[in-house]
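Asks: In order, the protein sequence lines correspond to chains A and B.
The numbering used here numbers the first residue of the first sequence as 1 and each following residue consecutively.
The numbering used here numbers the first residue of the second sequence as 1 and each following residue consecutively.
Hints were generated in silico from the structure; no laboratory data involved.
Incorrect hints may appear among the rest.
Stated by the list, open to error - Here's a subset of chain A near chain B, in silico, CB distances under 7 angstroms, partners left out: (1) ARG112; (2) ARG243; (3) ALA244; (4) SER245; (5) ASN246; (6) PRO248; (7) LEU320; (8) VAL321; (9) ASP322; (10) GLU324; (11) GLY615.
Unchecked claim - Below 25 angstroms or equal to it, Euclidean Cα-Cα: the simulated DMTMM-like pairs (lysine to aspartate or glutamate) are: (12) B/LYS267 with A/GLU332; (13) B/LYS267 with A/GLU329; (14) A/LYS258 with A/GLU703; (15) A/LYS274 with A/GLU289; (16) B/LYS267 with A/GLU398; (17) B/LYS171 with B/ASP240; (18) A/LYS387 with A/ASP407; (19) B/LYS71 with A/ASP322; (20) A/LYS258 with B/GLU207; (21) A/LYS645 with A/ASP660; (22) A/LYS193 with A/GLU289; (23) A/LYS692 with A/ASP479; (24) A/LYS387 with A/GLU351.
Model, not experiment: these values are computed from the prediction.
All C-beta atoms, glycine included, are put in the ideal place defined by N, C-alpha and C.
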Amino acid sequence: MTETPTNITSLRPSTLSTLGLGSPLDIFRRGRRPVTAEEAVTAVFGPPEHRGSLVISGASGIVGAGKTMQLGSRLEPFGVRVVALDMPGAPDGIGRQYPGLVRAFGREGADRVMSNITRLTYDGKSLPPQLADFDPRFLLEAIPEILPIKRAHYEAFRAEYPDIEIRSVTSGFPARELGVGVAHPAFPHEINKMWETVEAEPSHIPQLLWALGLVPVPVADHWSFVLDVIFCGVTQAAIRYHRASNMPYWKIDKWVRKILGPNPFRAHDAIGAKGANFLTWSCLHHLGEQYGELFEPTPELIERKDSGQTWYPPNHFRPLVDWELTEAEEAELRQWLIGPMVQMASLLLEEERAHPSIANAIGETCAQLRHGVLALARDLGVEGSRKAVTDYHRHHPEAARGAWFPDALEVLNEVGLQQLYVNAEHDGRVGSITLSRESYNWDVDAELNRAIDWLRSEGIERVIVSGDFHLATQLVGADTAEFFPALDEEEEGYRVSSAWSKTARRLHDDFATSVAFLDGKRCLGGMLEMVLHCHFVVAESNVGLGFPEVTLPVVPGMEGCHWPFRRAQRGQWSKLAELLLGGRSVKAEAAQGWLIDFAGPLDEALRVVWALASGDTGDQGEVQGIERRPLFEGPLEGVAAELDKAETPQMVAGGVAIRDTVLAATAASLGEALEVQSRHSARFMPSAACRKGVVGQARDRVERV
Amino acid sequence: MSLEPMLSRPRIPYGTWGSSYFPAWQQSALAEVNIGQFAGEAAGRIYGRRRVPLSEVDYLVIGSTVPWHWKFWTAPLISACFGRRVPGYHVEQACATGLKAVLVAGAEVQAGREVAAVVTFDRTSDSPVGVFPERRSHERTIAISDVWDNFGFDPATGKSMIATAGNAARKYKLDRREVDELALYRHQQYFDALESGFLDRVLVPLEILGVNGRSIGRVDSDAGVRRLTPEALAAMRELDSCVTSGTQTHASDGMATLLVTTRERAKELSPRPEVDVQFVAKFETRVAPAMMPEAPAEAVKGLLQRTGLSLDDVAVLKNHNPFAVNDALFARSLGCDWRTMNRTGSSLVWGHPQGPTLTRCLIEGLEEAVDLGGGYVLVFGCAAGDVGIAALFQVTEGGN
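Work the whole structure out from these sequences, hints included.
Replies: Here's what the structure looks like:
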């Protein structure tokens, strides 16, 4: 556990603190975010009356154009002009973004964003004189990955604008080589919020990104950052398996998806093989020089770097011969894939390339790993991880010559690695549990239990449950991949439902006061079920709340079919039924009193949370008239009649099953309802409707190779 | 007795080879595929199973006889189908293709290549129809179904393939009962090899995908092979002298592949590096018009004369025998017992996809020789145009 400067004791340091923004508990105590968007914009671009501009160079490229849109749409309301700079002959990458912008913001909004962008061209050597009219304050460089050209580019800007902040989007050069900081974004650049940042000290730039609703994640200054080590590394592992086995790339891609999560080859083709192959080669080339054979680009990658050829066969050559694997072949394939991932995990740990939760989240958020590399290694355990790498080295002995740090894996047993997704902290009186994973899975469940145990052992009776204000920008529900085994086996569904429900009940039973705080875009499904177990639920006004399970279809398994009914007035049950049976979301401000306890503007909501959690205004929640809604423990009567009043679409299998579950679980006592709900939820999982639905289809996509 | 091999450098690495099953035409998913693409992808799978990375391959010889979609691109395209961009060459000599391609690969290695792959294939199902301007015909245009119309008409003689078998049977006064007995025996040899597991070392089952990525069938048998009885054979209608549907092969689809490399690389690539497979000699000949079944016997005679060997020196005799007449004639002509030939099956039984037929014969022959502890392997066969081809390989250090 860690002492922070604000006398907060935590299980492990919060990731927010890596940005110099304190801890989540600090935010609740202060009743405001550590920096607002206006403050952050002012710090970088100057006050409104002297506001400078953002310059994005290489703005017509894939990265530059995407970031011009992402930052342009966020900065336009603050009057920050955006200058898109590129060479005269560059293809129009920005114009291509317009349809997407219209989809996101409507035509009027898109036009507003576009008209705030000024496109200038230059010869690559001298800056256009018109640039001075825009008072450039921040240069985001997205030009080709050639070091001397980049350095000359920075010199040109510094000569004209000595105080300008410069960040490079580089995929691989360390800041020390570039001479500027790094803000390396993840694909797809229009919508992916994550940026790896390299800063000597926490600066205004990551804080600006954070304040604009993006996710800056500080990483250490090494050749290639965490994302590229992981993503290029998994691509490399897949290519190496091709070299060893002849398995075609399209087939390896499916196996990588099944075993790890991403489709590295499909991703390269989707991004654009020529550019993506070059970037992957570039990262691996530099990593290979630094760390040896584990990363050394293979001839196949070099060939595709030079040719721009796609990895998947063209449409007229759709594959004809399938590759069935024997058990032994599959075991070997797993060794080829998992071994390098664990070896890379050892490198990340040895070099302390990022806060463990960040290093892990980068893999999940940006590289589509189902479990981040550190979670993967943690699941294997210290000895299991070492064995995975040793097994891999038997196939590829050259990889053992560098970048292998078996001792670094010892930390897998330490709390920082044990709490990758859930942190807890307290100030001696009020505790906070924060989730940094947007979907609930077995890892989150285990970590949440450990966090609760720790707070209880610290004598904490009051707790706030929320996202972490950093890595999790929303709470989307259960990770449906965890349901896959339940599609075949009812008992597996029961295990998921009952275990997760028991964890959720701890938020109600183990604390004198528990307060959930919801911000971001939405809180849905299993995550909503989980937080509804808190004594109070407070949300920012615009958070979308809902149970989309009926649309999948699955039956909510974490007591969503009875717990909210037990805390709502009878007259409100039809609204709950509409949520459960309709599958549509409701804004938090419209859900007060029957689903949640308070919704309001962010700062007000934060203050309410603290008042309720700290008990400064009374344990029964006499805050703005909020009273603790009682939990009715006996069987509920009249539920069927209230359900009939609900305006719901015509019910098919999922709706019927959810209605049946509501009736059965509410007819039981609170003590029995968990069992009833879990059984109903589990029974529906192997049904044809569920297996053919979204979850079944997702399983087919993931597991069919 | 040991001979100076005609090609000193090339070797065939034991156990790295493989073949698809040869399902009869129109009886499997192979009837649905671009056979060139299939062969390229199947080669990748077979070498994967044999633990040979195709990154080792620096040259490709392909062999096929039936035109296929994008045939123009030949070997370079097939190599792309197994994920490599290597140069290569297309060999085509009707039913001799499968052996000739191996000999060409041997010559390539002799000339300096390190690892040449041989991939032979054909699809007789739904064979293409070529439309040729032909001003001498009254139709002005002639459409030829590539497989069947060619089988039925040798433009040089005006005779069909089946007629050559009838001609040969009459010339050698073959007895229908002996030919039936031979055909029955060949089938029994095949089923014995199948049931013993011998063919599992040669044949690789393959799952075929449709355009939507779903399986459209599994090629895991020589579909179309029948269990014959003496009575059934005897009752079959004679199509020409000694030729019935039971004593001739059937059209089929498939591919086969093997590697040709140096002695050193063969040791690295083979699961049994002690086994050495050398190219010893070859002979090609052409016999009188419309006497095709004579050609293999004449080719073997020429080869034996060239090498100074006799059939007694040969451990394994393996031939492509589209007609049982071929084997009866061969035994009569060479003075041997046909029971000693084709001990693990032959194309008379498992069908004839043309391009890969003699490649599979060779692979089976080499496997058989290793089982026997080594020796000479004589592979031969006939080809359209009354052509005969024979090649001799030497297997040493073998044995179970």
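Asks: Of all the hints numbered above, which does this structure not satisfy? Sort the numbers upward.
Replies: 1, 11 and 22
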